[in-house]
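> Make a model of the complete structure from these sequences and hints.
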Amino acid sequence: MKLIFEYEESITGHLPDSSDDDSHSLGDLPRELIRKELPLPNVSEIDVIRHYSNMSRKNFGVDIGFYPLGSCTMKYNPKINEDIAKLEGFMQLHPLSHQSCIQGSLQLMWELGEYFKKITGMDAFSLQPAAGSQSELLGVMIAKAYFKEKKEKRTKIIIPDSAHGTNPATAAMCKFETITVKSDSRGNMDINEFKELLEEDIALVMLTNPNTLGLFEEKVLEISDLAHRNGSLMYCDGANMNALLGITRPADQGFDLIHLNLHKTFSTPHGGGGPGAGALGVKTHLSDFLPLPRVVNDGKNFALDYDRRRSVGMTRYCYGNFGMLVRAYAYIRSWGNELRKISEHAILNANYLCSLLKEDFELPYDRRCAHEFVLSSRKLGQKSALNIAKRIMDYGFHPPTIYFPLIVPEALMIEPTETESKETLDEFATALRKIAKELKENPDFVKGAPYTRSVERLDEVIAARRPNLRWNAHTGLEEEDGKKMPGINEREDRRQK
Amino acid sequence: MEGTKFTKEHEWITISSEGLAMIGISDFAQEQLGDIVSVELPKVGSKFRQMQPMAIVDSVKASSDIYSPLSGEVVQVNDELSEHPEWINESPYELGWIIKIKPSNIEELDDLMTAGQYSEFVGEMEK
Amino acid sequence: MKWRSRKKKEKRRNDYRCVRQQGGYEVIIMNYIPVTENDKRNMLRHIGVKSINDLLIELKPSIADSGELGLSNPMSELELLEHMKRLSEKNNLMKYFIGAGAYNHYVPAAVNHLLMRGEFLTGYTPYQAEMSQGTLQAMYEFQSFICLLTGMDVANASMYDGSSALAEAVLLSSSYNGRNGVFVNNGLNPQYLEVLKTYCEGADLEIVNEINEKTTCVIGQNPDFYGNLENLEYLSDRAHKVGALFITCVVEPTSLAIVQPPGYYGADLVVGEGQSFGIPINFGGPYLGFLGVKDFLLKKIPGRIAGMTADSKGRKGFVLTFQAREQHIRRERATSNITTNVELMAIASTIYLSLMGRTGLKNVAKLCYSRAHLLQEKLAKMDFKLLNDKPFYNEFLVRAPSGSSENVLSHLLKEGILGGLHLDHDNILICCTEMNSLQDIESYASIINERMLLK
Numbered sequence: 002m003k004l005i006f007e008y009e010e011s012i013t014g015h016l017p018d019s020s021d022d023d024s025h026s027l028g029d030l031p032r033e034l035i036r037k038e039l040p041l042p043n044v045s046e047i048d049v050i051r052h053y054s055n056m057s058r059k060n061f062g063v064d065i066g067f068y069p070l071g072s073c074t075m076k077y078n079p080k081i082n083e084d085i086a087k088l089e090g091f092m093q094l095h096p097l098s099h100q101s102c103i104q105g106s107l108q109l110m111w112e113l114g115e116y117f118k119k120i121t122g123m124d125a126f127s128l129q130p131a132a133g134s135q136s137e138l139l140g141v142m143i144a145k146a147y148f149k150e151k152k153e154k155r156t157k158i159i160i161p162d163s164a165h166g167t168n169p170a171t172a173a174m175c176k177f178e179t180i181t182v183k184s185d186s187r188g189n190m191d192i193n194e195f196k197e198l199l200e201e202d203i204a205l206v207m208l209t210n211p212n213t214l215g216l217f218e219e220k221v222l223e224i225s226d227l228a229h230r231n232g233s234l235m236y237c238d239g240a241n242m243n244a245l246l247g248i249t250r251p252a253d254q255g256f257d258l259i260h261l262n263l264h265k266t267f268s269t270p271h272g273g274g275g276p277g278a279g280a281l282g283v284k285t286h287l288s289d290f291l292p293l294p295r296v297v298n299d300g301k302n303f304a305l306d307y308d309r310r311r312s313v314g315m316t317r318y319c320y321g322n323f324g325m326l327v328r329a330y331a332y333i334r335s336w337g338n339e340l341r342k343i344s345e346h347a348i349l350n351a352n353y354l355c356s357l358l359k360e361d362f363e364l365p366y367d368r369r370c371a372h373e374f375v376l377s378s379r380k381l382g383q384k385s386a387l388n389i390a391k392r393i394m395d396y397g398f399h400p401p402t403i404y405f406p407l408i409v410p411e412a413l414m415i416e417p418t419e420t421e422s423k424e425t426l427d428e429f430a431t432a433l434r435k436i437a438k439e440l441k442e443n444p445d446f447v448k449g450a451p452y453t454r455s456v457e458r459l460d461e462v463i464a465a466r467r468p469n470l471r472w473n474a475h476t477g478l479e480e481e482d483g484k485k486m487p488g489i490n491e492r493e494d495r496r497q498k
Numbered sequence: 020m021e022g023t024k025f026t027k028e029h030e031w032i033t034i035s036s037e038g039l040a041m042i043g044i045s046d047f048a049q050e051q052l053g054d055i056v057s058v059e060l061p062k063v064g065s066k067f068r069q070m071q072p073m074a075i076v077d078s079v080k081a082s083s084d085i086y087s088p089l090s091g092e093v094v095q096v097n098d099e100l101s102e103h104p105e106w107i108n109e110s111p112y113e114l115g116w117i118i119k120i121k122p123s124n125i126e127e128l129d130d131l132m133t134a135g136q137y138s139e140f141v142g143e144m145e146k
Numbered sequence: 246m247k248w249r250s251r252k253k254k255e256k257r258r259n260d261y262r263c264v265r266q267q268g269g270y271e272v273i274i275m276n277y278i279p280v281t282e283n284d285k286r287n288m289l290r291h292i293g294v295k296s297i298n299d300l301l302i303e304l305k306p307s308i309a310d311s312g313e314l315g316l317s318n319p320m321s322e323l324e325l326l327e328h329m330k331r332l333s334e335k336n337n338l339m340k341y342f343i344g345a346g347a348y349n350h351y352v353p354a355a356v357n358h359l360l361m362r363g364e365f366l367t368g369y370t371p372y373q374a375e376m377s378q379g380t381l382q383a384m385y386e387f388q389s390f391i392c393l394l395t396g397m398d399v400a401n402a403s404m405y406d407g408s409s410a411l412a413e414a415v416l417l418s419s420s421y422n423g424r425n426g427v428f429v430n431n432g433l434n435p436q437y438l439e440v441l442k443t444y445c446e447g448a449d450l451e452i453v454n455e456i457n458e459k460t461t462c463v464i465g466q467n468p469d470f471y472g473n474l475e476n477l478e479y480l481s482d483r484a485h486k487v488g489a490l491f492i493t494c495v496v497e498p499t500s501l502a503i504v505q506p507p508g509y510y511g512a513d514l515v516v517g518e519g520q521s522f523g524i525p526i527n528f529g530g531p532y533l534g535f536l537g538v539k540d541f542l543l544k545k546i547p548g549r550i551a552g553m554t555a556d557s558k559g560r561k562g563f564v565l566t567f568q569a570r571e572q573h574i575r576r577e578r579a580t581s582n583i584t585t586n587v588e589l590m591a592i593a594s595t596i597y598l599s600l601m602g603r604t605g606l607k608n609v610a611k612l613c614y615s616r617a618h619l620l621q622e623k624l625a626k627m628d629f630k631l632l633n634d635k636p637f638y639n640e641f642l643v644r645a646p647s648g649s650s651e652n653v654l655s656h657l658l659k660e661g662i663l664g665g666l667h668l669d670h671d672n673i674l675i676c677c678t679e680m681n682s683l684q685d686i687e688s689y690a691s692i693i694n695e696r697m698l699l700k
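Protein chains in written order, with this note's numbering: chain A, 2 to 498; chain B, 20 to 146; chain C, 246 to 700.
Hints were generated in silico from the structure; no laboratory data involved.
Heads up, some of the hints might be wrong.
DSS-like, lysine-lysine: derived pairs with alpha carbons at most 30 Å apart [as the list claims (entries may be wrong)]:
1. A:Lys301 - C:Lys659
2. A:Lys342 - A:Lys157
3. A:Lys342 - A:Lys359
4. B:Lys80 - B:Lys119
5. B:Lys80 - A:Lys154
6. C:Lys285 - C:Lys330
7. C:Lys335 - A:Lys301
8. A:Lys301 - A:Lys342
9. A:Lys342 - A:Lys380
10. B:Lys80 - A:Lys3
11. A:Lys448 - B:Lys80
12. A:Lys359 - A:Lys220
13. A:Lys3 - C:Lys659
14. B:Lys66 - C:Lys545
15. C:Lys486 - C:Lys544
16. A:Lys3 - C:Lys558
17. A:Lys157 - B:Lys62
18. C:Lys607 - C:Lys635
19. A:Lys438 - C:Lys558
20. A:Lys183 - A:Lys384
21. C:Lys659 - A:Lys87
22. A:Lys380 - A:Lys448
23. C:Lys442 - A:Lys157
Covered stretches of chain C (in silico footprint by chain A; criterion: 3 or more residues with CB under 8 Å from a CB of chain A, positions within the stretch not fixed) [stated by the list, open to error]:
24. 297 to 308
25. 328 to 337
26. 381 to 391
27. 457 to 466
28. 522 to 529
29. 609 to 616
Ideal Cβ positions, reconstructed from N, Cα and C, are used throughout, including at glycine.
This is the structure:
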């Protein structure tokens with residue numbers, strides 16, 4: 002399939018008519034500012050439609066088939082929420098409109114914050130973060146500001162070895178040192194090691210609950226208690242909140258901060274890698290630190306409040322990924338007080354699928370799982386998880402997350418979600434068992450998979466060693482006006498000695 | 020492999036006649052890491068204590084620290100690895116050398132394994 | 246294609262598909278769970294427990310139950326739609342003569358039709374390349390478009406938005422040269438500055454007033470917050486003289502169709518907001534951050550990057566590449582913690598740019614430019630003093646006749662026009678795009694004219 006840049010010159014479909022007012026041609030602009038060449042293609046509308054329609058057909062989504070990508074909660078995204086998010090009153094609203102013109106959107110944000118408070122037990126929410134990872138960043142910034150105000154020098158963050166990579170990466174962005182605690186034989190954070198490492202310079206303990214093994218942290222109350230007595234804060238990575246809706250509240254487990262991933266738990270579409278939306282909830286003692294502006298309600302009108310002295314500031318332009326907030330809001334309203342059924346069924350589906358597979362694969366922590374579970378294919382050989390992932394594509398399923406969490410060798414992390422039928426789960430289990438058999442009987446065949454996608458196995462090594470990251474026009478861009486852009490050698494010179 | 024010493028983190032080190040130490044990763048290590056796609060090298064002149072991370076090698080799916088087998092100061096790095104990271108896979112003990120340091124305490128060498136000890140160590144791991 | 250067996254499907258009944266009586270009508274409640282009561286019994290039996298509650302007890306012994314959440318009743322699709330419509334109608338849409346970081350451009354119908362294809366909409370990050378060639382090729386094309394527009398060598402697959410892209414570029418700069426002073430030229434969007442300050446506070450960087458050997462980077466927005474266009478070569482030279490990086494921030498990227506790309510005047514990094522390319526204003530998000538760099542910064546880039554490669558048969562394909570930079574591999578040493586970005590928005594802008602093409606995009610830019618200048622001239626005749634001292638693109642700053650700005654804006658508002666962003670004193674920042682027709686501009690001017698005459 003060719004690139005959009007490789008079509009022959011045609012007539013573009015969208016030419017806003019500029020003939021009506023050419024009194025202000027660019028003649029007013031100084032010549033040196035005017036671009037000499039714009040090296041973009043002109044492709045006809047029909048060809049653009051076909052190009053991207055065909056491109057999409059090489060993709061896989063929840064709408065196409067089962068997508069048990071662990072840790073990502075690939076549930077069905079209700080179509081009505083797409084229509085709702087496109088209501089003109091929401092989508093065409095300028096964020097800097099007069100307060101009297103944005104009451105609907107502010108009400109939505111205020112109410113959504115209230116729902117999140119009820120679901121998590123937290124005291125205040127910000128809907129500003131653009132994704133879970135930005136919520137984490139905000140959370141760690143808040144912790145930093147909190148201890149700075151208290152004049153306590155705390156420079157470390159405790160994270161279990163099963164944690165998502167974002168946790169230590171976030172800590173590093175705020176110049177905290179990460180202290181890793183290993184997991185015990187039941188898949189919990191090892192409480193004894195935790196006690197040893199919990200010193201007075203620990204700012205934050207970041208836990209995912211249920212953790213990335215799909216297991217509930219059994220000692221969470223004790224951990225929270227120890228952390229608090231040490232003066233540290235407890236952060237909950239809420240990536241796995243799809244297991245706890247209406248079942249338990251993170252606030253009751255002792256967490257001071259939590260983020261929610263709206264694209265996971267609250268079914269906003271994943272879009273091939275975003276937009277997501279984050280929400281950060283905190284207990285009262287941290288609420289003043291939440292970013293600006295805050296949506297406030299005086300009982301009559303809604304307003305944006307920028308006047309909070311202790312706030313850490315803004316983390317992005319305006320108020321959040323509003324379009325995603327609309328979808329999450331609609332999703333919560335559609336479920337209402339039956340929200341708990343989402344998690345009940347997510348847990349039912351995961352335990353059922355796990356029970357179908359644990360004979361043929363190894364279950365490293367044989368405990369009741371939450372909304373997902375992690376198998377090991379270690380006994381099927383080196384790289385077996387990778388080979389299984391590639392082969393399952395030929396059966397029409399998206400592979401599970403593989404090689405994560407890092408503490409399980411040849412890990413297959415499977416999250417079925419509540420929106421899958423028993424029939425689908427049965428078919429998936431059958432396919433996985435077949436592949437396990439194929440791997441024993443004809444391993445070379447499995448190693449060549451996939452065979453039914455638009456491409457076979459792709460070479461990631463060449464991609465990294467000989468990077469080709471953009472189409473190159475070989476246009477005159479580099480030599481406009483006879484002025485050369487800095488070449489590779491000059492750039493080298495600029496490098497810090 | 021005469022005179023070459025190894026760490027438990029799979030670095031090798033040899034001392035030249037001028038007293039400089041050349042450092043790389045073992046054949047076993049490159050095998051485990053798979054295809055190396057890039058290397059992050061320290062600046063010449065930076066100083067490291069023994070077993071402090073001094074460089075990073077990346078494969079497609081992993082990123083690993085290279086620890087300094089001895090304390091000392093970096094005197095040269097293998098710049099060609101940025102163009103040819105595959106040398107670490109293809110020739111881990113020659114073309115794929117990574118860093119040369121000037122050791123500050125040559126006695127630290129005694130903490131390291133000989134080739135024979137290392138091959139036993141690796142044998143234990145593979146069991 | 247997999248054929249499902251044609252066996253007669255069990256009749257789907259399910260306890261949550263409850264039917265509620267309401268005002269004499271039956272209302273079917275939304276339900277996204279396909280497991281029937283019968284399925285559920287069989288599944289529980291296979292697991293070896295009696296009820297879902299038993300699962301929960303085993304899952305979280307001794308942890309308190311949430312109890313009643315106190316949420317409202319579930320809603321049917323119809324009820325939900327009505328409720329959401331009512332809520333959306335509490336907003337008032339205007340004719341927008343305001344930009345300041347969110348630009349009201351026309352989005353061709355084809356963009357949304359393509360974007361709503363489930364294959365794009367409901368996939369996730371293309372960790373498994375063979376399953377996701379569509380997203381990956383779109384990423385590659387997006388990266389190419391950003392490079393072509395900005396004059397950079399490499400771009401990533403997107404950042405959350407323009408402001409966070411700028412903040413991440415500053416962190417990149419500091420990790421590249423190990424310095425911690427950040428110099429911001431006048432005219433940066435004030436919200437971007439706020440975001441930058443927040444990130445700097447977290448990362449122990451300092452916003453400074455002079456450029457010296459401790460400066461990690463110099464930031465210049467072009468066109469700046471007030472719409473000013475400038476050749477920033479002087480700023481780039483000042484940065485490079487002390488070994489700092491030069492970052493250009495582009496918040497209204499349609500300008501790139503007609504003005505010199507930042508690569509031309511020496512930018513090492515270009516970051517910005519891609520919302521103008523086919524993304525609705527949507528009350529501030531989701532938008533599209535972009536980040537492009539010169540080759541020498543490649544390994545320092547945060548976020549996803551797609552690269553072209555070949556499959557085992559030698560056919561062209563795409564993969565996520567340089568993943569070892571990223572948080573899921575490097576953890577605390579990663580270039581950033583960014584994970585989910587805004588891929589769908591990047592696809593939207595890729596489709597937008599393809600549809601507009603070179604000719605369409607230039608036309609958009611020329612219309613933005615000429616309409617803004619037309620309005621500015623009309624206002625000048627009514628004593629609205631132009632405060633821009635440089636050529637401007639589609640935004641400009643005027644000082645309304647003394648003491649009149651609030652009055653002017655509120656009269657415009659009554660007529661359904663959001664006349665601009667009120668800054669300090671009587672200063673108003675006004676923006677035009679191709680969405681502001683000649684007629685709109687005429688009414689803007691005549692409403693003011695009437696008010697002035699009345700006064």
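> Indicate, hint by hint, whether the structure satisfies it.
Status of the hints after comparison with the structure:
1. A:Lys301 - C:Lys659: holds, 22 Å
2. A:Lys342 - A:Lys157: Violated, at about 38 Å.
3. A:Lys342 - A:Lys359: holds, 25 Å
4. B:Lys80 - B:Lys119: holds, 27 Å
5. B:Lys80 - A:Lys154: It is violated: about 36 Å lies between the C-alpha atoms, which goes past 30 Å.
6. C:Lys285 - C:Lys330: It is violated: about 36 Å lies between the C-alpha atoms, which goes past 30 Å.
7. C:Lys335 - A:Lys301: holds, 13 Å
8. A:Lys301 - A:Lys342: violated, 34 Å
9. A:Lys342 - A:Lys380: violated, 36 Å
10. B:Lys80 - A:Lys3: holds, 28 Å
11. A:Lys448 - B:Lys80: holds, 18 Å
12. A:Lys359 - A:Lys220: Distance of about 25 Å is within 30 Å: holds.
13. A:Lys3 - C:Lys659: violated, 52 Å
14. B:Lys66 - C:Lys545: holds, 23 Å
15. C:Lys486 - C:Lys544: holds, 23 Å
16. A:Lys3 - C:Lys558: holds, 17 Å
17. A:Lys157 - B:Lys62: holds, 27 Å
18. C:Lys607 - C:Lys635: holds, 21 Å
19. A:Lys438 - C:Lys558: holds, 26 Å
20. A:Lys183 - A:Lys384: holds, 24 Å
21. C:Lys659 - A:Lys87: Cα-Cα ~26 Å, so holds.
22. A:Lys380 - A:Lys448: holds, 16 Å
23. C:Lys442 - A:Lys157: Given that 30 Å is the threshold and the Cα spacing comes to 22 Å, the pair holds.
24. 297 to 308: holds (count 9)
25. 328 to 337: Holds, because 9 residues of the region 328 to 337 of chain C bring their Cβ atoms closer than 8 Å to Cβ atoms of chain A.
26. 381 to 391: Coverage by chain A holds here, the residue count being 7 at a Cβ distance below 8 Å.
27. 457 to 466: Violated, because only 0 residues of the region 457 to 466 of chain C bring their Cβ atoms closer than 8 Å to Cβ atoms of chain A.
28. 522 to 529: Held - the region 522 to 529 of chain C has 5 residues with a Cβ nearer than 8 Å to chain A, which meets the minimum of three.
29. 609 to 616: holds (count 6)
In summary, the structure is inconsistent with hints 2, 5, 6, 8, 9, 13 and 27 from the numbered list given earlier, while agreeing with the others.
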